[in-house]
Each structure stands twice: as C-alpha cells, then as structure tokens.
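There are 2 protein chains.
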Amino acid sequence: MKQTFRAAALSALLLSSTAIAGPADSVAWDITADLTTEIGARPAGSEREAKARDWAVARLKALGFQNVRVEPFTVTGFVRGAETAELTGPYPQKLHITALGYSAPTPKGGLSAELVYFPTLDALKAAPEGSLKGKVAFIDHAMTATQDGSSYGPFGAARRQGPAIAAGKGAAGVVIRSIGTDMQRNPHTGGTSWPAGTTAIPAGAVSLPDGELIRRIAQTGKPMTINLVLEGKAQPNMPSGNVVAELPGSNPALPPILVACHLDSWDLATGAFDDAAGCGIITAAALRAQQGGKPLRTIRVLWAGSEEIGVFGGAAYAKAHAAEPHALAMESDFGADRVWRVEFNLSAANKPLRDRLVSALAPMGIAAGADKASGGADVGAIIAAQKLAVVDLNQDGTRYFDLHHTPDDTLDKIDPKQLEQNVVAWTAVLKVVANEPGVIAAAE
Amino acid sequence: MKQTFRAAALSALLLSSTAIAGPADSVAWDITADLTTEIGARPAGSEREAKARDWAVARLKALGFQNVRVEPFTVTGFVRGAETAELTGPYPQKLHITALGYSAPTPKGGLSAELVYFPTLDALKAAPEGSLKGKVAFIDHAMTATQDGSSYGPFGAARRQGPAIAAGKGAAGVVIRSIGTDMQRNPHTGGTSWPAGTTAIPAGAVSLPDGELIRRIAQTGKPMTINLVLEGKAQPNMPSGNVVAELPGSNPALPPILVACHLDSWDLATGAFDDAAGCGIITAAALRAQQGGKPLRTIRVLWAGSEEIGVFGGAAYAKAHAAEPHALAMESDFGADRVWRVEFNLSAANKPLRDRLVSALAPMGIAAGADKASGGADVGAIIAAQKLAVVDLNQDGTRYFDLHHTPDDTLDKIDPKQLEQNVVAWTAVLKVVANEPGVIAAAE
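So the protein sequences, as listed, match chains A and B.
Plus 48 on top of the position in the first sequence (first one is 1) and you've got our numbering.
Plus 48 on top of the position in the second sequence (first one is 1) and you've got our numbering.
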C-alpha cells in the first residue's frame, strides 16, 4: 500500500513537472500514512499524544533534522466517555451524537428533557432569560462549503459560543447540528468555551442527517423530548508537549523561518487531514528546500501539541521562545487539498521578496490574494508577540468541513497528488524566504 | 421542509415534462419522508416494525386503497447488542464495527485473538482446515460501484458465505470489510447464513476506512491482534407481517398486477433508500395509474415485512396467496435513483405488450436491456411458484452500495427529482399492464 501510494505520488509529480522544484520523495505521504497508522488518534494530553511525540522525535531524527526535542507543558484535556442520544418524542429515533470538548457530563441515567429548537444562533440569543430552564436547546445552522473555509467562522459560533449562551438562559443541556458541510451520519466534535461566570452544561453535536431529522420534526410543531448521555469530562494536569526540530542554515546570525503544524488530533479519527498531512507537508518541504544547497537561514519545524482543545502548544512555544528573534512564520493546518492562493504579511520594503514568491508560485496555479496573511493557530501567539512576517499558502477547503473533527478524518481521504502539490508550493516558498539575506518584516 | 421538498419534486416534474404521464403529486416523497421521520428504523420482528405496519395501514387507507390488511407471520429476528472492536496490536486503533445479522454473541469480556488477513474470499477458502482455530479471520475485498449493482453478487459473498467458511476452518470469529463502495467511517450490516452443520460464530463488518487500515497493517507483515465485542443475537418467534392493499380494477375476472416493496429496514438507519422509497414509488404509481380511468386489472401493493433478514415476508405472501392467480409482478427495492433500463420476462405472445412498454418508457431515457427480468426479493417466491411474468425497472445503482445497510440510509440521501422519475416510469408501466385485456405470461 505504501509502495502503491508512493508510486502514485511520484507519477503525480511527473505529470505536473512544470511545477517541480526538485526531485520527488515520499516524505509527506509517509509521515501522514505512518503517523495515522502507527499512532492513530492522539488527543491532547493523552498517552497516545505522548506516543506521537516519541514517534515524531524518532522520525525527525531519521530524516536528518537537528536539535530535535520535546518541549513539555501540561493541559486540561477532555476525556470522552459514553455518549448516546435518543429523541424520545414525538417519534423515538436514535441520534448519532458526540460530546463537544469541555462538555459537562450528564447526570447518572442521562438527561431527559424537552428539546427546544432554534434555527440559528441568533434565535437562541433572542430567547428570553430563564426560558430554557431545565430544557435542552437545539441549535441549527445552514453552513455551506466555501473554498476559503470562511463559513467556519460565523457558523462555527454555534459550537464555540452557543452552549454558553444556552447555559446562561438556564438550559440543562445543549445539542447542536454538527459544524460541518457533509451529509454523513457522523458527528463533528470540537471545543466549546465557557466564559468566566458560566457553569458548563452537557453539550453535544449530532450528525447533519440527524440535524435534518430534528428540523423536520420541529417544523411540525410537535413538542420534542430527548434523552442525552454524555459522560466525557475535562481532566486537569495532563502531560502534553511540542516537538521542535531544525535544519540549520549556513548563516546562524539570521533569524530562522518557523514552519508549523499540530501533532495532536481529535479522538474520533486518526487525524489525517487534521493535521498529520500538515506535518508531512512542512517537513517534506523543509527537507526539499535543502536540495541544491543549504539555505542561509535555519528552518525550524514546530509540531505543536494540544492544538485542538485550546492551542496550548502555540502558547507554550511563544512563551518558551519569547527571547529569540524569528524571521517569518507559516503553518499548514487545513487538510491536504491543493494550494490555490497565497497571502502575505510583509513590509513594503519586502516587496521584492513578495514579487519573487508570487513568481515562484504562479507555475502551480497559485495567485496572490488581497487579504493580509494571518498564519495558523499554532504560530498565532509568536506572530502576535513578535509582529512576525507571515506567508499563508491557502489550501482548497471545499471538502475540509465534510471531514473536520469527524470519525472520517482518515488516511483514505488524502489525495497523494494534491498532497504533493502542497509540498511543491511550500518548497518554492521556503527556498525563497530561507535564502533572503535582508531583513524580513511584517507590514505595520 | 416537507413543503420545500414537495415544491422541489413539483419543479423537477415541470422541468422533465416530456416524461410526464399525469399531474404531479407528492405521494412518493411523503411516504418516504413520513415513514422515515415518524417511524424510523423498523427492523424485522421489532416493535418498530409493528408500528410501521399500523402506520402503513392508516396511510394506505387514507390514500384510498381498499382491502387494506396485515397478514401476520413470525420470524427469527436479530437483536443488536453492544458492539465494539479494537486492534490491540501491533498498533492500538479503534475500529468502527457492526454485527452481521445472525452473528453469534462474543463471550463475556469480548473475544481477544490473533487477526488473520485474507485479501479475498478465495484466499480464505484456500486456508488449510483447522488453520484458523481460535483466531479471527479478516476478509477483505475490492468491490467497486457498478450502475447495475452487479458487483454485489460476487463481492457480497464475503458477507453471506465468508463467516460460515471461516467457522468451518475453526475460526473463533470473523470480521469482514463492509460490503460497500463508499469510504465513510460507517460499517454496513447485512445478514449472513450458517448452513446446516455450521455453528455460528461472532461475525462483524468494519467500515471501509477501517478495512483500509487493516490492509495497510497486514501488508507490513506484523502480527495483528483484535478485541471484539458483538453482543447481538438471534431471537426466535418475533411477530412480523405483510401489509397488502388494493386498487380494484374494472374487470375482477382478470388476475391482478402485484407491485412490491419492503416495509422493514435494518436497524442502523431510517431505511429511506432501503426501502421506504420503494414503497413510496410503487404506491404513488399505483394511484397515478388510476388517473384518466380505472384500469381493467386490480393493482395489489405488497409492503413486505422481514425482507432484510431472510425474505420471510415474500415467502409468507407466496404461501398465503398460492391459490390466487396473478398476472405479473414487479418490485422496487434498489434505492431512489433514476430508472435507466427495463427488462422483461414476457412470453413471445406478449411481444405487442412489450413493445408498448418500450415505447412508453423511451421518452424517459429508459431502454430495454438484454437480460431476463427476475423481479425483486419479496416477489421472488410467488414468481417462482406461479411462473409469473415480470417487468424490472432497473434503477441506477452507482451510489446504492455507498449507503446500503449503513447508518447513512437516511432521507437526506433521496433526490426528489430522481424519485419522481421513478414514479413516472412506474406509472407508465402500470397504465399499460393493468389495461392489458389478454393473457400476460412469462417466457418459458
């Protein structure tokens, strides 16, 4: 199988030879395949995440990286328990549910209550104070797929903020339509947050087909009741850590290029799209950028821990490395589909650098977008702290939220040809930025 | 929602107006939507199947059918229990599994054993006698989608016969790659059979992505171990029944046209494709065939019970109605995608009838195939007993085995436009055959 996909990746490369910066290798595929096969699910703070760190250290050393180390920290994780849901009225129907990260557990025997339907998060916000006392709120939404993934921000609010808003109105529990764009009978998990002063309540997401069923029944006007069992709960002081490694540049005086992915995954799948592939892409590209001569600048890879439950790895990295200058940061954490656009946060003085990057990417069908690059979750803290320059290689997100945080985020979803296009694009960028001798800086 | 889809069905109808035999209605959609929403899963022999019979009687009466009745029988059903599976070596990985119908239960605490990989059913057949003693066999396959669904026969043998073959070689359990063509993290259930002299063993199916994982690991050559919990078991003497109803023809002396679907579903989903839609299609078409004048022949609808676990309803119907002549039988039990082909089992003397049917279907893009029509599962017994004439309206099966017997067989998968095309095609056929005054007979 590995050989078969390696062959597929190679032939994809040959077919797209105009875009190639160097000879093909299967590093990105191998990292994605082996991490998902040999480790599998690796939730933040878990024993499997610890095994993944060991695996990452061994793999990065074997690939020739230097200064390979784990930078440990602790987190409050979320440990999943039994989870079931059943509509008990007006029609008995089993629902496919999963707890949201940091959901409170249901009482023994489950939570049986009236289910109150809200077509949107705004409708929930408009519900009178106290009106949900003892009830379970259902939050629907109409998220659809977008190439740039921009629908996740506004529609994902139902998951991020909805449960706390329902709790504030007295709800005993909350169920959301999964934040996703598929129509498969698998729910999407993901973290929710409880602002200070809010007491956590049980919070789960049902699959989108189950959400359709609830909507259909709600529209008949018949009262709905639900039984909810969500036994997962938060657990403090779990061990986590970042894996950091370097390919030293020829001029140690120049600040390094930081490239990131995250090593942890949600527990429901093997985290191929999110984010084994990202680790594969940045690592393969860092290596390929060495071909034809060691770059001027060090390329540092960060495989961050505990991203999914609160970007704890990114915060730990920024804290640990606050005193070191960095030249520029990038991250790959949006699946493995093709890069279609590049965005920048570069100073006006870096226009020649930007122009060279645009030229290097054009043969791959990648054009510059109008927005300012923001980096990814795991480099967010260090970018903010040091006002770093950023290059974003935007991946096609059309099917990303079909798979995101579901049991379906598995290796079979990775297209070797698109994965390779990512590596080629990243290599092109790294060759340019890691060989830039002048100051690299962000715009104001 | 219902109104929305009703509107969609109507506009689909208007868009394909050349194919229309009569004014549009939403009977097929409403049956499919309401049965899946108000009853949901209705496994053979269950209380939910009994509720579905009550629902069916009420709906058929409300639609104007006559002689609406339940014809009861009892079955040995399969009652699902807890089901989990985990690869315990070489890499711990949770698997998504479901028991096959008539699986034996695993012992208390589950079955922990070596997992032996077979790439095909033939490879399992070639294993030496006794070589699987105490082990769990894994049967892989390479089924791909076909428009006519013909890949289900040969590849489905891994489910139907594989477990008994493994048991015969001493296996303690068997796991198959789901018989399906999707790549979703949901397993496909379905019945397996234990020939006389075979002792049932625990038998389950993992999702196709989990099958890919097992294949990948097997190809490394590392020994695999599994823990299997499958607590479902057979249960004798469960109540089931057929629902039979009629639209009487103007000439009671002519034998009726029998049109069938099945009312039961597997327990993992709401059975929209399999087979609520079939009941919707045949029922809507029987009603539309009355428009413009009552046909000569009675149209009898059979909503069969307990199809999924052994076609018990079809056998009961053939037994109960052995003494009554029938003119011709048809069935809809292959989803709700468009009819693309028609096949016949008609005598040479019925060539003019056949020609009229071919002419009636051509405007819908439906052409005659070369094979002899065989009918569906639920009419199989009466066709065999009475050597009945048959017309098969073949539906496009390209995505049928993506959904078949999975948790994903839900209403959202039904395309109202294609559902309506089915009703239009069925109506055209029923108008011709129910108005045939002469003898309708099968070929030799």
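None of these hints come from the bench; they were simulated from the model.
Careful, some of the hints might be misleading.
The list treats identical chains as one, so a pair stands whether inside a single copy or across any two.
[As the list claims (entries may be wrong)] Each computed BS3-like pair below joins lysine-lysine, with the alpha-carbon atoms no more than 27 Å apart: (1) Lys281 to Lys435; (2) Lys142 to Lys156; (3) Lys435 to Lys465; (4) Lys173 to Lys270.
Just so you know, these numbers come straight off a predicted model, no measurement behind them.
- Item | Within, between, both or neither: Lys142, Lys156 at alpha-carbon 27 Å | The answer is both: 19 Å in one copy and 26 Å across copies each meet 27 Å.
- Message: At most 27 Å between CA atoms: does that hold for Lys173 and Lys270 within a copy, between copies, both, or neither?
- Response: Within one copy only: 22 Å inside a chain, 55 Å across chains, cut-off 27 Å.
- 27 Å Cα cut-off: does Lys435 pair with Lys465 within a copy, between copies, both or neither? neither (35 Å within a copy, 54 Å between copies)
- Task: Give the relationship of Lys281 and Lys435 under a CA distance limit of 27 Å: within one copy only, between copies only, both, or neither.
- Result: neither (36 Å within a copy, 63 Å between copies)
Taken one by one, the earlier hints fail for this structure at numbers 1 and 3, listed in ascending order.
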